[in-house]
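Please build the complex by placing chain B on the supplied structure of chain A, with the hints as guidance.
As you go down the protein sequences, you meet chains A and B in turn.
Heads up: the first sequence runs through residues 1 to 571, numbered per the numbering used here.
Heads up: the second sequence runs through residues 1001 to 1711, numbered per the numbering used here.
These are computed hints drawn from the structure, not numbers from a lab.
For clarity, every value in this text was computed on a predicted model and none was experimentally measured.
Note that beta-carbon positions come from the ideal geometry of N, C-alpha and C, so glycine has one too.
Mixed in with the good hints, there may be bad ones.
[As the list claims (entries may be wrong)] Restraint-style ranges between C-beta atoms, simulated for each label pair:
hint : chain 1 : residue 1 : chain 2 : residue 2 : range
1    : A       : P115      : B       : N1555     : 45 to 51 angstroms
2    : B       : N1555     : A       : D499      : 56 to 62 angstroms
3    : B       : A1624     : A       : D245      : 46 to 52 angstroms
4    : A       : T45       : B       : E1365     : 35 to 41 angstroms
5    : B       : G1614     : A       : D494      : 27 to 33 angstroms
6    : B       : Q1537     : A       : P115      : 41 to 47 angstroms
7    : B       : L1293     : A       : D557      : 38 to 44 angstroms
8    : B       : R1668     : A       : Q152      : 36 to 42 angstroms
9    : A       : A458      : B       : C1309     : 41 to 47 angstroms
10   : A       : D245      : B       : C1309     : 33 to 39 angstroms
11   : B       : Q1623     : A       : D499      : 17 to 23 angstroms
12   : A       : D245      : B       : I1264     : 51 to 57 angstroms
13   : B       : L1672     : A       : L230      : 25 to 31 angstroms
14   : A       : L230      : B       : R1583     : 57 to 63 angstroms
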Amino acid sequence: MTTTHEPAAPTSVVIEDAAASHIRESQERKESLVQWVHGRAGDITRRPWENLAVFAAFTGFYIWFGYWLVVKMHVVGFETLDRLNRALMIWHNDPAKLSALGFDYPPLATLLISPLAIFPAVTSSLIAVPIASAAFAGLTMMSLNTMMRRAQMVGPLRYAVLIALGLNPLFLLYAAGGARQFIWLAFVVVAMGALVAWYVTADVRYVMLAGLAFSVAALSGYASLLWFVLTAVMIGAILAKLGADGSEVEGTTIGFTVPTAYVIAIWTVFNLLLLSKPFYWITAASEAGGIDPGGSTGVELFQDTVDLVIYGAPIAIVVLPVLIFMGIARSNPMALWLGVLLGAAIVSPALSVALGLTDAPMQMRNALPILLLSVVGAIWAARSADTNNMIVSVALIVLLVASIPWTFQAMKTYRYQNLESNFAAAVSTRESQEGAQTLSGATVGTRDEQATADYITANITGRNTILTDNSKTYAVMLLTGKPDLFVDRVDKSDGPWKDIARDPGRYVNYMLMSTDGDDLLNQMYPDAAAGSDGRLLVIYRTDRYVLLGVPANFDPDDTAGQAASADGAGQ
Amino acid sequence: MTTTTTAPQVRARLTDGVTGDLGRLLPEGICRTFRVMPYAVADGVVLVAAAEVDDPITRQVVEERIDRQVQLVRHTGNEISEAIDEVYPPSEGQVETADERRSRVQLARMLTNSGLVTNEQLQIAMIEYSRTGDPLGDILVAHEAITEDVLVAALSEMYQMQRVGLADFTPDLEVARRLPERLALRLQAIPVAATEDLVLLAAARPLDAEQVLDVEEALGSPFRQLLANRTELDQLIQKVHSEHYAEISTVSLMESQPEASAHIVFTGGQKASAVCLGIALLLCGIVWPMGTLVGLVALASLIYLLVSCYKLQLTFRALGAHLETEVTDEQVLALDERTLPMYTILVPLYKEAGIVRRLVRGINELDWPRTRLDVKLLCEEDDTETIDMIKSLNLPPHFHLVVVPDSQPKTKPKACNYGLQLATGTFCVIFDAEDRPDPDELKKAYLAFQHVAPNVACVQAKLNHFNQNQNLLTAWFANEYSMHFELVLPAMGSAGAPIPLGGTSNHFITSVLRELGAWDPFNVTEDADLGIRLHRQGYRTAMIDSTTLEEANSNVPNWIRQRSRWIKGYLQTWLVHMRSPGRLLRETGPRGFISFNLTMGSAFVLLMNPIFWGLSTLYVLTQAGFIQQMFPGFVFYAASTLLFVGNFTFVYLNVAGSLQRGEFGITRTALLSPLYWGLMSWAAWKGAIQLFTNPFYWEKTEHGLDGGEHE
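If we strip away everything but chain A, and leave its shape as in the complex, we get (with noise of 0.2 angstroms):
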């Protein structure tokens, strides 16, 4: 006897449905991917104690040494105390105003500082001012030692490669006195460190890290802008070079560019609501410190552009060509990257010029990008050397602790500059810089502003009684630590303080005013800081301020007064 048998059973037939189709198609998609996803890779191990520990080390150091920069010997950047007063004025002004950041620097730039004037001693102390830089001259240590682990350099050596950059004066001056550009500096070098922990472990999380940091260093500083864009592009390249599909390259540039995208659309989007302007951020940009704009013609701004790295950044004559070698012919495309970053950071000081994107291009310190930047490139050098990774490296220390000497002569002379060579005069002769003049003619210290801030302290406490134009006076307003006892063009915006500024005996008992003819207290009473306006009485004087005392009855419209003191101004 036969019998059949159909094994045929209607569920075990394989009928691919629509979903099974979609599940099946991107499983394949996402064995052809290039990066990593769903999981990690490979990486170094973490070091959270080493990192902290790095961190701390130089952080410490920086606002120790700042201390004794700042306020021993005097040697304080304006620019810094500008800032730190308008952090105080987010939380300490009457009312508390976010909108004391104003559009004149990057907004982070003074917003990531203002925890620091929470507690107004803090700041009024001047202690605050190292802080604000040495906090992010640590956070761009550590990334870098991580960059060096990750470059397989041993312990000894990246420690001496992070003391022989730590110690370069340049790299000293910014990093101790208070100034804004370690801020966009270590964001960048945070992204930096990053984009190679991604182009090592192929590992998407990184390039979303790196989007991140560009989005902070975008708004602490518009020039690190530059080089996100050349990253976005090396990205996509990168990609599209190891075989990713299109989806693949343009999901991985979304997620770097979206944060750094938004950052900047929101901020220009405020420009036009607030000033009607949406590029305001851009033309408007302020380099205080310089008053030389240096060169205007090719030759010029290639000759500045040579002085620059080479006092500056000497390590860059080197590191570029073998940047470039590299990523030509060994097709390294993360040297090339590095190498087309640093050119950038070399040519773009003498490219603003030609722009006019700045009035203070050549500026010693523009040489610090690119010492960063040449460091960096450095390091993926001894990583790229394989078996040499040492030679590599005993090389770039080699070469930082030749450019300390160097640099530092350099400052003593260099043509474009702020700080520099009183920070040199105070390092060789420990002599207070309080008084001395800078190379470009401007008085170093902060005797007129504490002397004034201390008679007010001493004088008045009535909260808005003191009449100011904060973007004159804004170091006298933070050494008092009280800004609510002024009334300034942040309290109700420049419209209502215009109109107090015209009947100041309506609203308030005093005027602080500079005798900078820029102050707009000093331009509508031209007379009052020469003692000369007769409604007006000075109280206190001091070279660079004049407090002056507003009588209920003061009247806007005598202008026998004003013409009395015309009279007396023109003898």
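Just chain B, lined up with the frame of chain A:
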């Protein structure tokens, strides 16, 4: 592919010993099942001792597993068994006894001789047998090589036992219930008739001596066994005990832990507190209108800020590390299937006849022996279409049709509770009908249970969507799930925080689940509630890196219905667990307490969003002074931070979640997430209103809208 020879001139014999590690060329299961043992190499040919050298199945199995030329050499069964025992020392209970082997061989011969099973089917079944050691007949039925009726007939012949058909049998409930329900379920046996001195007991398989004693003791009289079809027997047991199951599934939690049940929406204390708070607010509003408004805005901003910071902290933590319980592919491959326990899969179905075939295929594709699967297809009594569809498929007995009697509340958790009472698995998991779990999900969950701390009672797999590219809504849904399951939940699991479980793919230790009172049938997000209850009892949930793909809701009204139910359930869950905040704090600890409130606070944030969006828009358009007054100083800072940083960060985390999954194609849609939040707020308000008007109503989500084929 290798070739096999059977040349007679072979000098080397197995009794001379097995050379080196040659014996381990074949796995133990294959050696014992097919009685083979590689023992020597001669002239490059591997000599394999075999009891049946002419058996084509044995030859093929050996050839496929040894990547060299092979020669089968005839040996006696005893010689081979001794050699196997030397190479693979036997562990107690794992090795087939002589009787068992005799029965297996007898069954195989019976089925092949009668032409009921082909060689190919037998080979597949034998190989599975070699891996699992499960009864060959059950394997053949599970793979639909033979029907259960054929197997019962064969067993009846082998054991000389009578059969009984139960398909149209109407039980005498008094007789049927003489065997206690738990015992009936465990032994798969039920009395079908009785005289004064004898009970006729229908049983799925012949009972062993110990089981016989248990039954005799329970019945209090002698009995005679009749063999029955397992599917029919299962239906009969359900029919006999359905009232009991229905009652337990509805009232068990309510009666045993009334304070944990959502059958009361607001307790008296909560109502009194709400009234007092309302009166206080009203009075404050009258006396200090602007101050009260500022206070409310400040409170709302604070909650926003805390919820956002918590979520950000979790997601950033997950971005920097792999927080799921690690189970590698190698571990999955190395798993000894003989040690695998029974696994129950609960699949609630309602008006989903169209996707039953696909569901069955999906479950059969799971990498878990079918003979150790206990699949409960949970249908509502009034859903005749789905029930008829399941019956028409004549599914093998590892699929169990479970018909839940029609009663209120008619919810998914009640159906699951019903199914859980019938569950025979050591572990159990819920899948929705349209789910596509990774084939190795059960094994990964099982291995995860072996690796985690002893207090982990639940393992949650990740959820995502297979139709993410269908439209913008599905892409948003996939973005949201990617963030939630790739970043948020792993971080919560790793931090030991109470996890609101996902609706499906949560794997439980069945006994613990029963001990906890299972799901609350009155809670419309019973999964989230169970996750919190589990945590309160000291148990924890772990995440595994295995994904179940679901159908993303592609239709806005349908999506709103689903989401409104979820948010209503979150509010229900919050109300239930905050009945005694002090007790919750004691049971979960401060961190767990905060985490629970911040997690549930996301529903509050969704409710608040439209109010704040409206205020912002109104202010931009009118510069209304009263709005400015509502946001003084620090309140304004917090609100601004949330507006510009918080919103962006959440958008970006959606991008991050999708990148993390490698779903690069939907990153751009994540940028439009704020529009999705608008829909979420709409659903939140619907759910919140429904909490007062119709708290137990289950907003059914319609499936099968992905445009795919479901038949």
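Hints and how they fare:
1. A/P115 and B/N1555 have their C-beta atoms about 48 angstroms apart, which keeps the hinted 45 to 51 angstroms range intact.
2. For B/N1555 and A/D499, the hinted distance range of 56 to 62 angstroms is satisfied, since their beta carbons lie about 58 angstroms from each other.
3. Range check, B/A1624 to A/D245: about 51 angstroms between beta-carbon atoms, so the 46 to 52 angstroms window is met.
4. Distance hint for A/T45 and B/E1365: a CB-CB separation of about 39 angstroms, consistent with the stated range 35 to 41 angstroms.
5. For the hinted restraint 27 to 33 angstroms between B/G1614 and A/D494, the CB-CB distance of approximately 31 angstroms keeps it satisfied.
6. Checking the proposed 41 to 47 angstroms range against B/Q1537 and A/P115 shows it holds: the Cβ atoms sit about 42 angstroms from each other.
7. For the hinted restraint 38 to 44 angstroms between B/L1293 and A/D557, the CB-CB distance of approximately 42 angstroms keeps it satisfied.
8. Judged by the Cβ atoms, the range 36 to 42 angstroms given for B/R1668 and A/Q152 holds: they are separated by roughly 37 angstroms.
9. Our hint of 41 to 47 angstroms for A/A458 and B/C1309 holds, since their Cβ atoms are close to 42 angstroms apart.
10. Distance hint check: the CB atoms of A/D245 and B/C1309 are about 37 angstroms apart, consistent with the given range 33 to 39 angstroms.
11. A hinted range of 17 to 23 angstroms holds for the C-beta pair B/Q1623 and A/D499, which are about 18 angstroms apart.
12. For the hinted restraint 51 to 57 angstroms between A/D245 and B/I1264, the CB-CB distance of approximately 55 angstroms keeps it satisfied.
13. For B/L1672 paired with A/L230, a C-beta distance near 28 angstroms keeps the hint of 25 to 31 angstroms intact.
14. Between A/L230 and B/R1583 the beta carbons are some 59 angstroms apart, a value that agrees with the proposed interval 57 to 63 angstroms.
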